[in-house]
Amino acid sequence: DAGVIQSPRHEVTEMGQEVTLRCKPISGHDYLFWYRQTMMRGLELLIYFNNNVPIDDSGMPEDRFSAKMPNASFSTLKIQPSEPRDSAVYFCASRTSSRGWNSPLHFGNGTRLTVT
Amino acid sequence: DQQVKQNSPSLSVQEGRISILNCDYTNSMFDYFLWYKKYPAEGPTFLISISSIKDKNEDGRFTVFLNKSAKHLSLHIVPSQPGDSAVYFCAAQGAQKLVFGQGTRLTINP
Chain A
479 DAGVIQSPRH EVTEMGQEVT LRCKPISGHD YLFWYRQTMM RGLELLIYFN NNVPIDDSGM
539 PEDRFSAKMP NASFSTLKIQ PSEPRDSAVY FCASRTSSRG WNSPLHFGNG TRLTVT
Chain B
1195 DQQVKQNSPS LSVQEGRISI LNCDYTNSMF DYFLWYKKYP AEGPTFLISI SSIKDKNEDG
1255 RFTVFLNKSA KHLSLHIVPS QPGDSAVYFC AAQGAQKLVF GQGTRLTINP
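In order, the protein sequences belong to chains A and B.
Take the first sequence: its letters are residues 479 to 594, numbered as in the working numbering.
Take the second sequence: its letters are residues 1195 to 1304, numbered as in the working numbering.
Each hint should be verified, as a subset may be incorrect.
[What the hints assert, rightly or not] Partner residues are not named here, just some residues of chain A that face chain B (Cβ under 8 Å, in silico):
(1) R519
(2) L521
(3) D534
(4) S565
(5) F569
(6) N580
(7) P582
(8) L583
(9) G588
None of these hints come from the bench; they were simulated from the model.
Every residue, glycine too, gets a C-beta built ideally from N, C-alpha and C.
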């Protein structure tokens, strides 16, 4: 089990550029979550999917943010255009419902985004 | 609106002593609570959990206590070891969503 895989690990971009973060969940997991970590707010839930369908995107900060899950093994989080205040660590996590509704999340190692 | 709060950004404890990390929540609909541990440059990893129908869950050196009436939970680590130095996140689950606190940085001093 390779765990949740995120790419890239680090991304440095200029304000106004498009940024795409990628995630491969653990095989067989049917839930996928995107979180953002900042010093001020800790880990914030941005959006989550169940069986590739977006269920709750109420945490997405603005229309500049969008997320897709075209299949069970891949998801993207896109920011267009990016702004310096988007600088944070973005985590992807997945879980399976086959072990009950309270099975824990498994996190990737995150993408550290810096927007200058 | 911070539904899960960890009011101590940092905590320093001597090796061998007990570490107590605290967490408060506001939403009474939360029915499951978890603690995650995070090392630098890694994602959070699951540590221990507790259902709202219980008031205590123990796993080795780690014990989580839940006080529903006070909407408060705590994580006890005893004895504390240098490898326990990390950021600890409290999380509460409701309607498939996991809401995290801001985290507490625990430092174990030799």
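Tested hints:
{"no.": "1", "hint": "R519", "in the structure": "holds (7 Å)"}
{"no.": "2", "hint": "L521", "in the structure": "holds (4 Å)"}
{"no.": "3", "hint": "D534", "in the structure": "holds (7 Å)"}
{"no.": "4", "hint": "S565", "in the structure": "violated (16 Å)"}
{"no.": "5", "hint": "F569", "in the structure": "holds (6 Å)"}
{"no.": "6", "hint": "N580", "in the structure": "holds (5 Å)"}
{"no.": "7", "hint": "P582", "in the structure": "holds (4 Å)"}
{"no.": "8", "hint": "L583", "in the structure": "holds (6 Å)"}
{"no.": "9", "hint": "G588", "in the structure": "holds (6 Å)"}
In the structure shown, a violation is registered for the earlier hint numbered 4 alone.
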